[in-house]
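Peer 1: All chains, please: the whole structure from these sequences, using the hints.
Residue-level listing of the chains:
2 protein chains.
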Amino acid sequence: MTQAKERISRRAVDKFAQRREQLAESALQALAELGYARTSLREIAQKSDFSHGVLHYYFADKVELLTYAVRKFEEVCVTRYDDVVAAAGSAEELKHGFGAAMAATLRTDAAMHRLWYDLRNQSLFEESFRGDVLDIDEQRQDMVWRVVRRYAEFTERPAQVSPEVAYAAFDGLFQRALLQQLAGQDEAADRLEADVAALLTHFV
Amino acid sequence: MTQAKERISRRAVDKFAQRREQLAESALQALAELGYARTSLREIAQKSDFSHGVLHYYFADKVELLTYAVRKFEEVCVTRYDDVVAAAGSAEELKHGFGAAMAATLRTDAAMHRLWYDLRNQSLFEESFRGDVLDIDEQRQDMVWRVVRRYAEFTERPAQVSPEVAYAAFDGLFQRALLQQLAGQDEAADRLEADVAALLTHFV
DNA sequence: GCTAATTTTGGACAGTCGTCAAGATTTTCT
DNA sequence: AGAAAATCTTGACGACTGTCCAAAATTAGC
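Line by line, the protein sequences are chains A and B. Residue numbering for the first sequence follows our numbering, starting at 1 and increasing by one per position. Residue numbering for the second sequence follows our numbering, starting at 1001 and increasing by one per position.
Source of the hints: derived by calculation from the structure; they are not laboratory data. Incorrect hints may have been included.
To give an idea of the chain A side of the interface with chain B (calculated C-beta under 8 Å), a few residues [claimed, not checked]:
no. : residue
1   : Gly35
2   : Tyr36
3   : Ala37
4   : Arg114
5   : Gln122
6   : Leu134
7   : Val161
8   : Gly172
9   : Leu173
10  : Arg176
11  : Leu178
12  : Leu182
13  : Ala183
14  : His202
Every residue gets a Cβ at the ideal spot worked out from N, C-alpha and C, and that includes glycine.
Peer 2: This is the structure:
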């Protein structure tokens, strides 16, 4: 077996955990590039500095690796707009900052976003991810809601929709823009920015 | 080669086309059940009455079969709420009819819907479907817009959002409800019905 | 009813997949 | 330094994939 399951020095445990992180990172890279349907363990290993056999040294099987990777992915995924909320000093600023931030991450991180949608969709067929996916989805909803709530505070009007509706709507817009952008429609991000800002005013 | 490419009797051509329909139907069945990532030609053949070899008699390769299946899928997909629009005699009727219809198809056709989202997502990675997916998405947008426009007519107020925003929002709601429903949350359909009706009033 | 064309079968192929384990390598501890 | 433990590589396995093809079964034309 391995050190990690025994009572061993801190260093050893950390190193084991660190390798798992490292391999999970490679897994995310492969998933973002190839999509779930075509991501194999050998592809993942090739993105790392190791051979394919090592994956079963740090993970019991493919499902455990991917599940771990999804959980890791979560961290990057659910605080994206908090800076915008913190920085905005007025309703107008928040509205435009939110739209601009969504457009920016659409342009910059398209591969990562399609990975998220791919995983979320995969959970419609595979039970193994479903729990984590639902959890991340909830946190994303909270993240969006923090924006809407703050906007409502600024305008001193109550929000007109539930957190669920707000999240679904913004997420739907983003997903559509992602598809268009990957299809080569360069104006997709601009449209998204405008649509997001407009939608926000309808929700409070 | 085959009859279909020569000048042959009408009957023969029809039969060839008919087999293609039949096999595409089996492909959709397999896709809905297993998801794109796990649908193999042998699985598809098993859903039909034929052996796996026959698929390459009617289709050049897997991509052509799946593309054909996606196009076939389109037909069922883009007229779902037209009956509701036609039947409704008032704004209230339309609002509740729309919500009820969405909730109903969520309950009844969950497998088919997750197939659609799976294919749409796959087109983020594979170029081959992208054109058809974008086309279907557009038609779905039109379908939703016919509901919103009719609602605006009934209430004699102008719609407050663009077709893009309306579609993205309703689609986002539906997608989220689908995930929850497949995760065993039985109240997802009821929530969807209420959210859809509420959202409609915010859009006009 | 016989021949020819069409349709279908089922096996073979070259790859790829997840998984595993034996052995080589590196690190850790005394 | 040497022994022990941890880490990594490599090759193999059985199963599965898309594709192709020769032969069997079916149908159509005369």
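Peer 1: Each of the hints needs a verdict: does it hold here or not?
Peer 2: Hints versus structure:
Hint status for A:Gly35 relative to chain B: holds, with the closest Cβ pair at about 4 Å, below 8 Å. The beta carbon of A:Tyr36 comes within 6 Å of a beta carbon in chain B, closer than 8 Å, and the hint placing it at the interface holds. The interface hint given for A:Ala37 is met, as the beta carbon of that residue sits about 4 Å from the closest beta carbon of chain B, less than 8 Å. Annotation: interface hint on A:Arg114 holds; nearest CB of chain B at approximately 4 Å, less than 8 Å.
For A:Gln122, the shortest C-beta to C-beta distance to chain B is roughly 7 Å, which falls under 8 Å, so the interface hint holds. The beta carbon of A:Leu134 is positioned within 8 Å of a beta carbon in chain B (closest approach about 6 Å), and the interface hint is therefore held. With a least beta-carbon distance of about 7 Å to chain B, the hint placing A:Val161 at the interface is held under the 8 Å criterion. A least Cβ separation of about 3 Å between A:Gly172 and chain B falls short of the 8 Å threshold, and the interface hint therefore holds.
At its closest, the beta carbon of A:Leu173 sits 4 Å from a beta carbon of chain B; the interface hint therefore holds under the 8 Å criterion. Hint status for A:Arg176: holds, given a least beta-carbon distance of 5 Å to chain B, under 8 Å. For A:Leu178, the interface hint holds, the least distance from its beta-carbon to any beta-carbon of chain B being 7 Å, beneath 8 Å. With its C-beta approaching chain B no nearer than about 6 Å, A:Leu182 sits inside the 8 Å limit, and its interface hint holds.
A cut of 8 Å between beta carbons decides the hint on A:Ala183: the least distance to chain B is about 6 Å, and the hint holds. Among the interface hints, the one on A:His202 holds; its C-beta lies about 6 Å from the nearest C-beta in chain B, closer than the 8 Å criterion.
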